[in-house]
Structure formats: C-alpha cells, structure tokens
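Chains as they are written, first to last, in the working numbering: chain A, 351 to 459; chain B, 6 to 117.
Bear in mind the hints are in silico, worked out from the structure with no lab data behind them.
It is possible that part of the hints are untrue.
Partial list, computed: chain A residues near chain B (C-beta under 8 Å) [as the list claims (entries may be wrong)]:
#1 Thr380
#2 Tyr382
#3 Gly393
#4 Pro394
#5 Tyr396
#6 His399
#7 Asp446
#8 Met447
#9 Arg448
#10 Phe449
#11 Ala451
Yeah, the Cβ is synthetic: ideal placement off N, Cα and C, and Gly gets one too.
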Amino acid sequence: DAKTTQPNSMESNEEEPVHLPCNHSTISGTDYIHWYRQLPSQGPEYVIHGLTSNVNNRMASLAIAEDRKSSTLILHRATLRDAAVYYCILRDNNNDMRFGAGTRLTVKP
Amino acid sequence: DTAVSQTPKYLVTQMGNDKSIKCEQNLGHDTMYWYKQDSKKFLKIMFSYNNKELIINETVPNRFSPKSPDKAHLNLHINSLELGDSAVYFCASSQGQRSPLHFGNGTRLTVT
Numbered sequence: 351d352a353k354t355t356q357p358n359s360m361e362s363n364e365e366e367p368v369h370l371p372c373n374h375s376t377i378s379g380t381d382y383i384h385w386y387r388q389l390p391s392q393g394p395e396y397v398i399h400g401l402t403s404n405v406n407n408r409m410a411s412l413a414i415a416e417d418r419k420s421s422t423l424i425l426h427r428a429t430l431r432d433a434a435v436y437y438c439i440l441r442d443n444n445n446d447m448r449f450g451a452g453t454r455l456t457v458k459p
Numbered sequence: 006d007t008a009v010s011q012t013p014k015y016l017v018t019q020m021g022n023d024k025s026i027k028c029e030q031n032l033g034h035d036t037m038y039w040y041k042q043d044s045k046k047f048l049k050i051m052f053s054y055n056n057k058e059l060i061i062n063e064t065v066p067n068r069f070s071p072k073s074p075d076k077a078h079l080n081l082h083i084n085s086l087e088l089g090d091s092a093v094y095f096c097a098s099s100q101g102q103r104s105p106l107h108f109g110n111g112t113r114l115t116v117t
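Chain A with its partners taken away, still in its complex shape (with noise of 0.2 Å):
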C-alpha cells in the first residue's frame, strides 16, 4: 500500500556519510519523491523531495535513479541527532501520501 520499499534498519558512525536507499518500481510519472523522518516522541519533520533531478538542501541530498524506480537519500555527516526513522513516501496526484514503515537509522558515536 505504500508503494515503496525501504530496509528496516541501518546504521551509522557519527560522522560519516549515510546513504539510505528506498525502492519505488512502480512509480508514476507525476508522483514527486519525499523523505521524512521522525525522531523519538516528536511528528514527521520533512527532510526534501524530488522528481526527477537531484536535490541538495540544508539537511540532505536526494539522488534519483534515471528511472526514478529507486532513490537515495545522503546526509553527509551523521550526527547523534540524526537518529530516527527515514521514511520515503510518493505522493501523487491526489496529494496523497502514505507512509511505510520506513528505516531506523541508529548513529553511533
């Protein structure tokens, strides 16, 4: 139902890049790609989106695969406060947006 597939877990040094991937085979052509995440207790907070180019902004950047059947979401430098769960929605044309279960990332110091 959420149309896209994301690993349960992963998990990082502080400091180092992380590259979260996500799974979206059976995207449309007008379904942008986003990224939020939720850290313990708190709401979803958006982190970026895209459709067909990448995307860099202040948190993170967004690779998109050419076939935009796969993306990649890349912060640069974990820190301790980027631990959360990611999660990657398609939200389509109805304004739509389902959430899967999205990945723990886990920052270890």
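Fit chain B to the known structure of chain A by using the hints.
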C-alpha cells in the same frame, strides 16, 4: 510560535466516552490533515481538508468526525471511544498539494 499545535498532548479516557483533539496552524496553509500512528508505528492518513472542504476520507469509522471551522483549524472529534482507538494522532498542514507537510507533535490517546 509553534507552527502546528495540537491539544491536548496526552488524553486518557474510558471506553464509550466522546473526546476531541484540537489542531491549529499559524502558517497560513490551506490544507490540513489528520494521521494516526498505531502501536506498530505505522502512520496512516485519516482525513485531509483543503480550504475547509474534505478531499481525502480514508475508511475510518464514522465515529471519527473532522471539523474545520476555518482554514487554520482542523479538530478531530471521536464518539464512543474503543480500545483500538488508542494511538498517537498527528495533525499536519501544507500549502497546496505539492508542498511539504508540517506536523504537530502528536496527541497520545489512551482508551482504558
């Protein structure tokens, strides 16, 4: 100056009661949402309102009724509460149907 605020933060009540959760956003957004996060941590959309009109209504029991008195508010009223309604409920807002969602910090509802 919280962008999306929900009240109360915690709500403990007994089965059969009626309760409301309030949500307000001060971002000037025209679309607001309610999501439910169950014990397995899955986030599911319940309702979406655009300019005070319902545009998404997932198959939630009709005991749940969203009410939007104006663009800045989307309240959730729940009748005849059941044990299975226990969850964290998140309100969110966005400007238009393409811009990112801003979430509140959730209301943890416990039905005993």
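Which of the stated hints cannot be reconciled with the structure, identified by number in ascending sequence? As far as the earlier hints go, only 1 is violated by this structure.
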